[in-house]
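Chemist: Here are the chains, one letter per residue:
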Amino acid sequence: MSRTQRASSRRHLPLRQFASQVAADHRILIRGRATVLFGLVFVVLSGLLARLIQLQTLQAPRLQSIAQQQQLATIPLAPRRGRIFDRLGRPLVVNLDAPSVYAVPQRIVDPQGLARRLAPLLRVPPEEIQRRLGTGRYFAWLARKVSPDVAARIKAMGLEPQVGFVTETRRVYPNGSLAAHVVGFVGIDNQGLGGVELTYDPVLRGHGGKAVADRDGIGRVLVETQRTLDAPADGSDLVLTIDQVLQHIVERELDRAMAQTHARAGSVSVLDPSSGEVLALAVRPTYDPNAGGLASPEVWLNRTLSHSYEPGSTFKIFLTAAALDSGSVRPDEQFFCAGSLAVPGNHVIRDANHEQHGWQTMGDIVRNSCNVGAAQVAMRLGKDRFYQYIRNFGFGDVAGIDLPGEAKGIVAPPSEWRGPGLQTIAFGQGISITPLQLLTAATSLANDGVMVRPHVVRAIRDPQGRVVDVVGRSPIRQVLQPETARAVVQMMMGVVDDGTGSLAKLGGYTVAGKTGTAQKPAPRGGYDPGRFVASFLGLVPAVNPKLLILVVLDEPRGAYFGGTVAAPVFREVASQVLWYLRVPPDASGFGENASSVTKASVRPRPGSH
Amino acid sequence: MSAVHVKVRIDPILAPDSKSEARPARRRRGRRSTVARALALAAVAVLPAVFYVSQRAHAARTGYAILQLRQEVGTLQSENARLQAVTMSLKSLDRVERIAIKDLGMRRPGAGQVSAIAATPVAVARQASMDAPSFWARMSAWLGWSEAEAHESAR
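Listed in order, the protein sequences are those of chains R and L.
Just remember that the numbering used here sits 2 ahead of the position in the first sequence, which is counted from 1.
Just remember that the numbering used here sits 97 ahead of the position in the second sequence, which is counted from 1.
Hints are supplied without guarantee of correctness; some may be wrong.
Selected chain L positions facing chain R (Cβ under 10 Å, derived; list incomplete) [said to hold, decoys possible]:
hint : residue
1    : A156
2    : A157
3    : T159
4    : Y161
5    : A162
6    : L164
7    : G171
8    : Q174
9    : R179
10   : Q181
11   : T184
12   : K188
13   : S189
Each computed SDA-like pair below joins lysine to any residue, with the alpha-carbon atoms no more than 25 Å apart [stated by the list, open to error]:
hint : chain 1 : residue 1 : chain 2 : residue 2
14   : L       : K188      : R       : L98
15   : R       : K157      : R       : T171
16   : R       : K212      : L       : A156
Simulated from the structure, these hints should not be mistaken for laboratory data.
Even glycine gets a Cβ: it sits at the ideal position worked out from N, Cα and C.
Next up, chain L with everything else stripped away, as it sits in the complex:
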């Protein structure tokens, strides 16, 4: 009996997997469904996170827009206040009087040009009644004109 004595060094190796064709179809289908389940599970887990992140990003973008609009509002309000201050300066009595006298040649009324008279309450009441609109004026205003006109004297 001759014994085969091969002087070889055998190192351990990882045995290759058997070919897929050799596996049964049922096992392949099972593996596919496992992958699909895993993917579905991953999608279920990841999609809310993606949705959450997108919402946060959208909120941040909106925040930047708000910030910019706030700055614009602030700028406009500041400009508005500045213009109002300029208006007040232009309307200051000192300036108006100076222009009226120097540029327009106006004069203050003299001692004899303006006088005050005493008015009795009766006279004031009579004048007030004359200023008030008549019944027909009120009716006309009510029918066709504006309400504001109905309360103004016809001049």
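The following block holds chain R by itself, in its conformation from the complex:
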């Protein structure tokens, strides 16, 4: 029945039926509307359900990842680079926080104006800042590891969010250039670039970690939600064999010698010959590790182990050792020095100042540094045997110290010793070695013929301070018989007593040493008559050596003999170092001129050598 029909039929109904009919119509109407409404709601809900299914199942992985990126903050946990201490635990390197400044180029409206404002603070030309701003859209470094003052002044300019700050770690060397060639330096990302910073970079570096945390609406980290995914491990600390005080003494004396002799370069090394520990190692020219990257690469060179030179007469002690050890020459055997000696290749070997030494034993040859005598000894020894000893002493090979950049030197095989090669090598010309090789070889004289590997790291400690590794004595090989080593030391004592090294004499201590004065090769072949390397190698006390010291001065002006310019440096260094280490005197005559007496002189220093 249609609506019109129902209305027409109602006109003829009694009132009661009429009301009932109206109520029925009302219900029908309500039901209809409810149906429509329900249908609409159903459609809407169905749409929502479909969308829900789409979001929650079909697109769930992608949306979850987007949500995580927006809500989760990944916090890199940077490791602390290990510190470096001297042998008594005094810090040589520490870490400091340093703010770095970055820019968000897409937010910068006026790059030129910003560059002009920041240039004076960052001490960078505005053009350079503009160039850096052009390197990225969302991020560009403006300056790395600036001082806190500079960062504070930039913050005060209110440039955020165009400019932001990140805290990084900066290596600081509080003693400046002290032991620069041992400690080394790092690059802008704290990667080791020299010294033990480079050799032990994997130990010092540690490894970074990662944590995640929720962010709030404005990007702040919600601490309570933070959880560590990968815990960081700080780098281990290094304890060096270097003693800060000894290093200071050695550097001071080297600086003084450099100033007096106007030498082009120089080095002084102090070793404990029994353990191979390097107690001090000074090299000039030097640099400040705090600005290591700005220094000239030439001054990075650790001349003790990276620079080869012809050692001159200091090499005679190894000739002597080889001759005695092999039995080629008896200690009391004599050789005649007429001041010159004709050798193959129409060459003539002469002694310094054309001195004629006459008949000489091995001890005399060493004491007087007689080239003619040494050449005769070498001829007796023979090329092959001499070469074998040279190689056994470690020349021509790296000593294996834990510092980077060690050179091998140049040791030609006997087949290439042309002309007077054998005779000149006998007194240290025609062979290139490093000061470190000389020191390593000389450890055999102090250890009854056993060579010991030199090292600069004494121990490795974990971040909690527990020792995890100790670097101890590392013998390389037995090169000489003990009697030979002692005999050579005895001969070296003669050098200091009344030979060419008398300026190295120390009151109260026996000293065994050898001077060296080597001509430097000329650029166009042959040797330069005006350029020398003066050196002195010494053991003190001679009987039971505690110190092995090598002084090398490159191209001193004026006086150039090793006994004149290098031996006094040895004496100054040795006297102060022995005093500092409380090494008791071993020779007669000590105590003379004693105006003050201290008990400490005979007490071992706690925790020292």
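Keeping the supplied structure of chain R fixed, place chain L upon it in accordance with the hints.
Modeler: Chain L alone, transformed into the frame defined by chain R:
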């Protein structure tokens, strides 16, 4: 019989509810209790949520405070490390020696001013025994002085 034939259009309307006065009191009371129950139920359902949210808000506020304190600690530690580095620089031997010699006019002891003498173990032991505190000094320290003093020589 006259039939009333009114030509009117009657549209369906919703019948108004009967007045409340007309309802029985019992029904009104029943409705009130239903509302109260609903409110109570809503309160039971909502209150834990409110409590939970307030706790989360409190935790977040605490987190912000922790974050700020961490930053402050970091700043102070950084400043402390910087000052220690400055201290080390100021105490560097090179600087100390330079000031001692140039500014204070000090000199290193000459060759004849400092000498070393050999000491026998007996002499060292005797000196050590002289340095050690006496019995009475130890007793006095134990009774009235500090323990540290009891182990130091009386000088």
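Chemist: Hint by hint, note whether the structure agrees.
Modeler: Hints, verified against the model:
1. Checking A156(L) against chain R by beta carbon gives a least distance of about 5 Å; that is within 10 Å, so the hint holds.
2. The interface hint given for A157(L) holds, since its Cβ lies 6 Å from the closest Cβ of chain R, which is under the 10 Å cut-off.
3. Against a cut-off of 10 Å between C-beta atoms, the interface hint on T159(L) holds, since the closest Cβ of chain R lies about 7 Å away.
4. Because the beta carbon of Y161(L) sits about 7 Å from the nearest beta carbon in chain R, less than 10 Å, this interface hint is met.
5. Against a cut-off of 10 Å between C-beta atoms, the interface hint on A162(L) holds, since the closest Cβ of chain R lies about 9 Å away.
6. A least Cβ separation of about 5 Å between L164(L) and chain R falls short of the 10 Å threshold, and the interface hint therefore holds.
7. At a threshold of 10 Å, the smallest CB-CB gap from G171(L) to chain R is about 7 Å, leaving the interface hint in force.
8. Contact between Q174(L) and chain R, as hinted, is supported at the beta carbon level, the nearest pair being about 8 Å apart and thus within 10 Å.
9. Restraint check, R179(L) versus chain R: the minimum CB separation of about 5 Å is within 10 Å; hint holds.
10. Among the interface hints, the one on Q181(L) holds; its C-beta lies about 7 Å from the nearest C-beta in chain R, closer than the 10 Å criterion.
11. Because the closest C-beta pair between T184(L) and chain R is about 8 Å apart, less than 10 Å, the hint holds.
12. Of the supplied interface hints, the one on K188(L) holds, with its beta-carbon coming within about 8 Å of a beta-carbon of chain R, less than 10 Å.
13. Satisfaction of the interface hint for S189(L) is found here, the shortest Cβ-Cβ separation to chain R being roughly 5 Å, below the 10 Å cut-off.
14. For the hint linking K188(L) to L98(R), the alpha-carbon distance of about 18 Å falls within 25 Å, and the restraint holds.
15. Annotation: proposed proximity of K157(R) to T171(R) holds, straight-line Cα distance about 19 Å (limit 25 Å).
16. Using a Cα cut-off of 25 Å, the hinted pair K212(R) and A156(L) holds, with the two alpha carbons roughly 23 Å apart.
The structure is consistent with each of the numbered hints, conforming to all of them.
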